[in-house]
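This is what each chain is made of:
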Amino acid sequence: MPDARAAIADPAVRAAYREWLLRIADDELVIGHRHSEWTGFGPDIESDVAMSSIAQEELGHGRAWYEQIAADDGGDVDRLAFGRAPREYRHAALLEQENDGWEYSIVRLVLYEAFEVARLRLVAASGHEPAAGLAQTLSREERYHGLFADTWLTRLAGAPDGLERVQAALDRAWPDALGLFESTAADDVLRRAGVLPSSPGALRETWVDTVRPVLEQCGLAVPPSAGAREGGRRGVHTAAFEPLLVQLTEVWKSDPEARW
Amino acid sequence: MTGAAITLETAIWDVLRSVEDPELPISIVDLGLVRDVQVEGGRVAVRLVPTWVACPALAVIRGRVQSALLALSGIREATVEYAYDAPWSLDRMSERGRAQLASHGLSVPRCRFAEPPVCPYCGSRDVVQESMFGPTLCRATYLCRSCRNPFERFKPPADA
Chain A
2 MPDARAAIAD
12 PAVRAAYREW
22 LLRIADDELV
32 IGHRHSEWTG
42 FGPDIESDVA
52 MSSIAQEELG
62 HGRAWYEQIA
72 ADDGGDVDRL
82 AFGRAPREYR
92 HAALLEQEND
102 GWEYSIVRLV
112 LYEAFEVARL
122 RLVAASGHEP
132 AAGLAQTLSR
142 EERYHGLFAD
152 TWLTRLAGAP
162 DGLERVQAAL
172 DRAWPDALGL
182 FESTAADDVL
192 RRAGVLPSSP
202 GALRETWVDT
212 VRPVLEQCGL
222 AVPPSAGARE
232 GGRRGVHTAA
242 FEPLLVQLTE
252 VWKSDPEARW
Chain B
212 MTGAAITLET
222 AIWDVLRSVE
232 DPELPISIVD
242 LGLVRDVQVE
252 GGRVAVRLVP
262 TWVACPALAV
272 IRGRVQSALL
282 ALSGIREATV
292 EYAYDAPWSL
302 DRMSERGRAQ
312 LASHGLSVPR
322 CRFAEPPVCP
332 YCGSRDVVQE
342 SMFGPTLCRA
352 TYLCRSCRNP
362 FERFKPPADA
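These protein sequence lines map, in sequence, to chains A and B.
Each number in the working numbering corresponds to the 1-based position in the first sequence with 1 added.
Each number in the working numbering corresponds to the 1-based position in the second sequence with 211 added.
Everything labelled a hint here was simulated from the structure, so no lab data went into it.
Idealized CB from N, CA, C, for every residue including glycine.
A few chain A positions that, by computed beta-carbon distances, are all more than 12 Å from chain B:
{"id": "1", "residue": "Gly76"}
{"id": "2", "residue": "Ala86"}
{"id": "3", "residue": "Pro201"}
Covered by chain B, according to a simulated footprint, are these stretches of chain A (three or more residues, beta-carbon under 8 Å):
{"id": "4", "region": "41 to 52"}
{"id": "5", "region": "59 to 71"}
{"id": "6", "region": "140 to 148"}
With the C-beta cut set under 8 Å, the calculated list includes, among others, these residues of chain B facing chain A:
{"id": "7", "residue": "Trp263"}
{"id": "8", "residue": "Val264"}
{"id": "9", "residue": "Ala265"}
{"id": "10", "residue": "Tyr295"}
{"id": "11", "residue": "Pro298"}
{"id": "12", "residue": "Glu341"}
{"id": "13", "residue": "Ser342"}
{"id": "14", "residue": "Leu348"}
Hey, can you work out the whole structure from these sequences and the hints?
Structure representation (structure tokens):
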């Protein structure tokens, strides 16, 4: 594998790498916002606090990734996070969908956390610092989210009418989850330059191998692997995103120059 | 290193030891947040390592460290940044730090979160976890079945 840092000197590779980090940061920001909507509404106090903590962590992780990008660009972190047009965000559709019941939020958490583990491992293996070190650090924090999600999935699927409800949520989330692995020209550039030692396709296989046993142990059927909802990685989002972005950026936009 | 430089470096570590974590009654040095300190002339650069990357106290700690350093005579410039090259782990916490957290009623695992938890009040191992997610990102909540006390336990990031 060519040295990652040497490869990054090339402006085209650098731009592709920025694009990749932006996906991570945007995924975290958007899902962090969705999780935070459970604050005060969780099914019990412990789960309410847990989902709020997970939200806080994902927002903080998003911030850490924006800081990495901003350090490279010389840009402002808040402007990067809150000051872009909807088409400039690179998160996948899964993260922006509304919380359609606790079972949907738990299914989404199961699917996304497994993805995060696989993706962070990839970034950690890239050897490109400081992103690799950050990825290593964050994967230890994400572990608890996955445990929480898997525990709740088992509990929900074991309830009297639970299995059907969780299966319906899974069927709804699945095409969006497959969209996490959408590939763009940036992926090809990075793979050719040796910056990322894998492709979205290989990442998807790793992910399916992780989530399949978790789902099947709960009695859930893994939906067909066709029909990914793509577009998010290119800035094409669903109708759920714009209202989310308005709410998410409302305070910052009221005074972009304010120091907090 | 000259005598003056040694004195300045000692003074810097004393200042760092005076900075407390806003969410725990413990100095950032005992918590193991200080990765390294570099002094050159009147310039000091401190690298910190966060326990949890999303901890809302990070900006507060950075601010406290910076102003404490700038208050030292002989320091003209102080930079404080968080580094991710080696993650924080429980072995960075000092014995004194552990004792301080214990006297605050916070149980601290020896090496890993996965170890059997111990009640900080009665020492019993007959405890049940109420939630992995407590009042701060670094704490989980438990109930002791022996003495019936609820308690909190320090939660480090999971093992790699």
